[in-house]
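Residue numbers (my numbering), protein chains in the order written: chain F, 9 to 275; chain X, 655 to 718.
Do not take every clue at face value.
As the list claims (entries may be wrong) - If the Cβ cut is set under 7 Å, some of the chain X residues that face chain F in the computed set are: (1) Leu659; (2) Met661; (3) Gly662; (4) His664; (5) Tyr667; (6) Ile668; (7) Ser670; (8) Ser671; (9) Met674; (10) Cys678; (11) Glu682; (12) Gly689; (13) Arg690; (14) Ala693; (15) Gln696; (16) Val697.
What the hints assert, rightly or not - Pairwise CB distance ranges, derived in the manner of DEER restraints: (17) F/Leu44 to X/Glu702: 40 to 48 Å; (18) F/Ala197 to X/Gly665: 22 to 30 Å; (19) F/Ala41 to X/Glu703: 40 to 48 Å; (20) X/Trp669 to F/Leu94: 41 to 49 Å; (21) F/Ala41 to X/Leu659: 21 to 29 Å; (22) X/Glu705 to F/Val83: 51 to 59 Å; (23) X/Glu657 to F/Ile144: 38 to 46 Å.
These aren't lab readings, by the way, just hints derived from the structure by calculation.
Values in this document were obtained by computation on a predicted structure and should not be read as measured data.
Cβ coordinates follow ideal geometry from the N, Cα and C atoms, glycine included.
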Amino acid sequence: MTTGSFWFQFASPARFYPLAGRMIPWFGWAAAALALAGLYVGFFVAPTDWQQGESYRIIFIHVPAAWMAMFIYLVMAFWCALSLTLNTRLSAMMAQALAPTGAMFAFVSLWTGAFWGRPTWGAYWVWDARLTSTLILLFLYLGFMALRAAIDDPRRADRAAALLALVGVVNVPIIYFSVRWWNTLHQGATISMTAAPKMAETMLTAMLLMTFAAWAYTIAVALHRVRTIMLEREALADWVGEMRDSGDVVAGRKERDAASTISRATR
Amino acid sequence: MSEWLAMGGHGFYIWSSYAMLALCVAAELWSLRRGRQSAWKQVDEAREELELSTASPEPAPRAR
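Only chain F is shown next, with the shape it has when bound in the complex:
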């Protein structure tokens, strides 16, 4: 078996569904553990900032949320490109599964940014390049979901939404470089690959722990959502029927309850 066919077998929903199901609890628990560790370091170990006082502690959720919002968009656009070119069912479903979580992180980064901006800059909102481009990112996510929802035929919805996502990808480098290209109120990049970190090591540790938590959370949630999408879109497929009837009305029932286990695990 070549590597190519090895990976392609997971592109079939029938194969991917059980695999994703086994992975969700691991990522869910990892997200919970990392977030607890990150919050502990962030609130009880990291020192008070000499300039901003305590308000800087918003960074531990603001920066991870902003990173995830941008990164999820790139991943979503990647799946959209695959679905347009290879026409694989699973790629479009993955993009569809990621969008709500990306929108959630974009919203959280705007919200936490507003509540950090007020004590720091004196304003909840300014029409600054970074803030405005992040708002556009949120609208792109919402537009992607609304466009999908407006088209009844799922395959046509996939294609239309994929095109929108690919056009919108130009916004991600604009957000990222906005603090360099324009004179903005927003501070520069928090972490740079080329420069030594400008923040205390414990602050950085807390922020990275929260970032990994956000990663694990996103993976768990996206896998859970993609399984739901598979059920909806393949309700009449043989593999769903087999899972439902043979030996596994039970598995099916378990499935229905599994959702609650996952929400407990990721909380």
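Starting from the known structure of chain F, fit chain X onto it as the hints suggest.
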């Protein structure tokens, strides 16, 4: 404790931020759970409709 919660006068901003994140995560997990339940319901309905249509003597159009 209340001094810690006050966060040097920035408590309102910090806790508003963290509370919104908690709210969003809770809402997302709740909607995932609802979505899974309704997906299984859809599967049941679609398949029952299909079984009914294949069981009837006249060939009925395939569900969906």
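Structure-based check of each hint:
1. Leu659: This hint is violated: X/Leu659 lies away from chain F, its Cβ roughly 11 Å from the closest one there, beyond 7 Å.
2. Met661: Cβ of X/Met661 sits 4 Å from chain F, so the hint holds.
3. Gly662: holds (4 Å)
4. His664: Cβ of X/His664 sits 4 Å from chain F, so the hint holds.
5. Tyr667: holds (4 Å)
6. Ile668: holds (6 Å)
7. Ser670: holds (5 Å)
8. Ser671: Where the cut-off is 7 Å and the nearest Cβ of chain F is about 4 Å from X/Ser671, the hint holds.
9. Met674: holds (5 Å)
10. Cys678: holds (5 Å)
11. Glu682: With Cβ-Cβ at 6 Å, under 7 Å, it holds.
12. Gly689: holds (5 Å)
13. Arg690: holds (4 Å)
14. Ala693: Interface hint status for X/Ala693: holds (4 Å vs cutoff 7 Å).
15. Gln696: holds (6 Å)
16. Val697: holds (4 Å)
17. F/Leu44 to X/Glu702: 40 to 48 Å: holds (44 Å)
18. F/Ala197 to X/Gly665: 22 to 30 Å: holds (28 Å)
19. F/Ala41 to X/Glu703: 40 to 48 Å: holds (44 Å)
20. X/Trp669 to F/Leu94: 41 to 49 Å: Distance hint for X/Trp669, F/Leu94 holds at roughly 46 Å.
21. F/Ala41 to X/Leu659: 21 to 29 Å: Roughly 25 Å apart at Cβ, these two residues keep to the hinted range, so it holds.
22. X/Glu705 to F/Val83: 51 to 59 Å: violated (39 Å)
23. X/Glu657 to F/Ile144: 38 to 46 Å: holds (41 Å)
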